[in-house]
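Listed below, chain by chain, are the residues.
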Amino acid sequence: MRRFSQACISTTPGGNFQMIESDVFVQAMQDMGVNFFTGVPDSILGGVIAELMNRRLYTPAVREDEAVGMAAGAYMAGKTPAVLMQNSGLGTSLNTLMSLNMIYKQPCILIVSWRGQEGKDAPEHLVMGEVMPQLLDTVKIPHRTLTEKTAVDDFRWVAQTFMQQQIPVALLITKGVVKGLHP
Amino acid sequence: MRPEQGTLISRAQAMAALLELLTDQPVIICNGFPSREAHKIVDRPTHFYMIGSMGNAPAIALGVALAKPNKRVITFDGDGNVLMGMGTLATVGALKPKNFIHVVFDNEVYGTTGNQPTISNVVPLEKVAKAAGYVNVERVLDRDDLVYEFKDMLKKDGPSMLLIKVNEFVEDAGRVLHDPPDITRRFMKAIV
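These protein sequence lines map, in sequence, to chains A and B. Each residue of the first sequence is one higher than the one before, counting from 873 in the working numbering. Each residue of the second sequence is one higher than the one before, counting from 188 in the working numbering.
It is possible that some hints are incorrect.
Unchecked claim - 27 Å max Cα-Cα, derived DSS-like pairs, lysine-lysine:
1) 314(B) with 951(A)
2) 227(B) with 338(B)
3) 977(A) with 376(B)
4) 376(B) with 317(B)
5) 992(A) with 951(A)
6) 977(A) with 258(B)
7) 317(B) with 342(B)
8) 951(A) with 283(B)
9) 977(A) with 227(B)
10) 285(B) with 376(B)
11) 258(B) with 376(B)
12) 227(B) with 283(B)
13) 951(A) with 285(B)
14) 317(B) with 283(B)
15) 227(B) with 314(B)
16) 258(B) with 285(B)
17) 1012(A) with 951(A)
18) 376(B) with 314(B)
19) 338(B) with 314(B)
20) 227(B) with 951(A)
21) 227(B) with 376(B)
FYI, nobody ran anything at the bench for these hints, they're computed from the structure.
Just chain A, same shape as in the assembly (with noise of 0.2 Å):
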């Protein structure tokens, strides 16, 4: 199986920077030990999305607090949960998160696409993706930004975080930062 390595980040045709594979991506989930995927889909992750369904390893969800609560049960059935979500799921899910997982203490690796990131984005997107960073701060639950450069590290980061502090982390993913569905 791929891992993160030289060998699995291809170059984006324009050539100035590199992707993340899906399928290295999917493999370092689950190497990390997450067993149980669930979500609503983003562009931005239909190649991870498309991985897990060849894996057989996805359960679809039709929202974002209704994938929070599967995770929440498939964790206390004995699994490791994540939910991937665009950044507006993060506004349908809010209540959830804080008077569940938060309240309960229910781990869950939440997989975020940041839409919006930098204003270059649909109108609809733009104000969750300027505000993003400080809801999660005000909400507490720790995220980080995933880059090809620093992979292996924000990995290991979600996996302690996520291990020691039995809340929802996030892992946003900016767009082009892994391998979509259309290179």
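Given chain A's structure and the hints, the job is docking chain B onto it.
For chain B alone, coordinates are given in the frame of chain A:
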């Protein structure tokens, strides 16, 4: 007076009848009075009492059911809760977990906040569940029927929904005394 009123038992009476039929199955109980009443009737470590995240009880139960396919997983839910998380009926109907039993105590009000009406008097939730893909759905009005149907659902492949029309009576039950992290820990230990 609503047409079905007058023949109904209370939620606590219905719940007590169901809990008598259960032993060590995981039961996820929605927020508000249902959790308090279940806790008062019988406090088992296999009970996951919710205090928040309204609408998410069946989602949590679904997560447990998918991760523990050999255990029969039950969720005690209310009409206001189902209406809030109605999408989960579709997720359950699509995934079809055989070990999933969804009990809905339907009193047509948001009881915990002062009996404001829901819309379940005009929206038959068990029909929504059936249309979404639940395999067995039953709507019952009295104790004999609910015991008969619940016993049957415990034997059958699901997903199943048992909708019990109940009156608005609320049992005098205090808040659940366990700390939420303790509820998580003991539930996890009990359902291993």
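Results for each hint:
| no. | hint | result |
| --- | --- | --- |
| 1 | 314(B) with 951(A) | violated (33 Å) |
| 2 | 227(B) with 338(B) | holds (23 Å) |
| 3 | 977(A) with 376(B) | holds (15 Å) |
| 4 | 376(B) with 317(B) | violated (34 Å) |
| 5 | 992(A) with 951(A) | violated (37 Å) |
| 6 | 977(A) with 258(B) | holds (24 Å) |
| 7 | 317(B) with 342(B) | holds (19 Å) |
| 8 | 951(A) with 283(B) | holds (20 Å) |
| 9 | 977(A) with 227(B) | holds (24 Å) |
| 10 | 285(B) with 376(B) | holds (23 Å) |
| 11 | 258(B) with 376(B) | holds (14 Å) |
| 12 | 227(B) with 283(B) | violated (32 Å) |
| 13 | 951(A) with 285(B) | holds (19 Å) |
| 14 | 317(B) with 283(B) | holds (12 Å) |
| 15 | 227(B) with 314(B) | violated (31 Å) |
| 16 | 258(B) with 285(B) | holds (10 Å) |
| 17 | 1012(A) with 951(A) | holds (23 Å) |
| 18 | 376(B) with 314(B) | violated (36 Å) |
| 19 | 338(B) with 314(B) | holds (21 Å) |
| 20 | 227(B) with 951(A) | violated (30 Å) |
| 21 | 227(B) with 376(B) | holds (21 Å) |
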